[in-house]
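**Q** Please model the entire structure based on the sequences and the hints provided.
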Amino acid sequence: MVRLTADLIWKSPHFFNAIKERELDLRGNKIAVIENLGATEDQFDTIDLSDNEIVKLENMPHLNRLGTLIINNNRITRINPNIGEFLPKLHTLVLTNNRLVNLVEIDPLTSLPKLQFLSLLDNSITKKPNYRLYVIHKLKSLRVLDFKKVKNKERMEAASLFASEEMEEEAKKESMKTLMPVEVPNVSEEEEQQTPKVVAPTPEQIIAIKAAIVNSQTLEEVARLEKVLKSGQLPADLKIPDYDSGSKDVKENDEKMVPDVENEADVEPNNVENQKNDELAAMEQMLVLLY
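The numbering of the sequence shown is UniProt numbering, which starts it at 1 and goes up by one.
There's no promise every hint is true.
Listed next, the in silico EDC-like pairs over lysine to aspartate or glutamate satisfying Cα-Cα at most 20 Å (straight line) [what the hints assert, rightly or not]:
(1) 128 - 170
(2) 148 - 168
(3) 30 - 51
(4) 56 - 85
(5) 127 - 154
(6) 140 - 157
(7) 140 - 154
(8) 227 - 174
(9) 127 - 157
(10) 138 - 168
(11) 140 - 165
Just so you know, these hints were derived from the structure itself, not from any lab.
Remember, it's a predicted structure, so these values are computed and weren't measured experimentally.
**A** If you want it as structure tokens, here you go:
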């Protein structure tokens with residue numbers, strides 16, 4: 001952070017710009033606070049404070065000559081309510097890319113009697129409902145807003161929309177509670193990516209799960225496989241090790257307990273239910289042995 005001292009002002013570039021106005025260039029000095037501008041002795045038509053770190057547009061001395069203030073690419077969130085008392089002839093103000101958010105924050109600019117050109121581009125305030133009409137309504141002398149000419153039609157719309165103080169206050173309140181649009185991820189897609197699909201296990205998978213239970217090394221794994229077997233639903237991400245060689249006997253016994261898929265339609269519902277109960281009973285016996 002650099003202080004805006006009288007020495008910095010004297011050493012900074014100053015020249016006649018393209019429209020033959022005397023300009024002071026204070027760009028890119030990491031200035032955080034406006035101060036000591038009285039050292040200019042009101043000798044400049046334009047002061048450029050762009051690309052600094054200024055938070056408040058305040059502390060201005062009386063500069064009767066100053067007509068243009070360029071202060072884009074800063075961090076301005078507040079403007080002195082009485083700024084017009086110190087800059088009575090300011091006609092151009094560039095506040096592009098700052099941090100003005102709500103409509104009420106530009107009200108202090110009404111104290112600038114000769115303000116004709118204003119830029120608030122790249123401030124959050126420009127996203128608020130009726131932003132442009134509000135600014136046109138408040139700044140009667142404005143001719144160009146955000147590099148677009150203010151039309152008579154817009155003046156009429158602004159006058160109609162804010163015909164009373166109540167409507168103006170309502171617009172300010174709406175501005176304060178209106179949130180900036182935020183991109184919300186597609187919940188369905190996100191869930192689809194993160195949540196594993198669940199399917200019913202095939203007879204072969206049931207056999208594999210039982211074999212995995214017998215060969216499990218931890219109680220946590222046994223409990224997890226037991227839950228899968230009892231629920232009758234198999235998560236798509238469940239990996240069942242191949243225990244063909246180590247659990248051949250278990251598989252052979254289980255195959256006897258699982259009905260042939262081709263003849264499954266011929267099995268009566270009661271037999272199927274009994275078969276499931278038998279499988280759960282066998283499962284519980286295995287767990288007793290493991291515990």
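**Q** Confirm or reject each hint.
**A** Structure-based check of all given hints:
1. 128 - 170: holds, 13 Å
2. 148 - 168: Not OK: residue 148 and residue 168 at ~23 Å, beyond 20 Å, violated.
3. 30 - 51: holds, 7 Å
4. 56 - 85: holds, 16 Å
5. 127 - 154: Roughly 18 Å between the alpha carbons, so the hint for residue 127 and residue 154 holds.
6. 140 - 157: holds, 13 Å
7. 140 - 154: holds, 12 Å
8. 227 - 174: violated, 53 Å
9. 127 - 157: At roughly 18 Å apart (the allowed maximum being 20 Å), residue 157 and residue 127 satisfy the hint.
10. 138 - 168: With a Cα-Cα distance of about 10 Å, the restraint between residue 138 and residue 168 holds, given a limit of 20 Å.
11. 140 - 165: Answer holds: residue 140 to residue 165 is near 16 Å, not above 20 Å.
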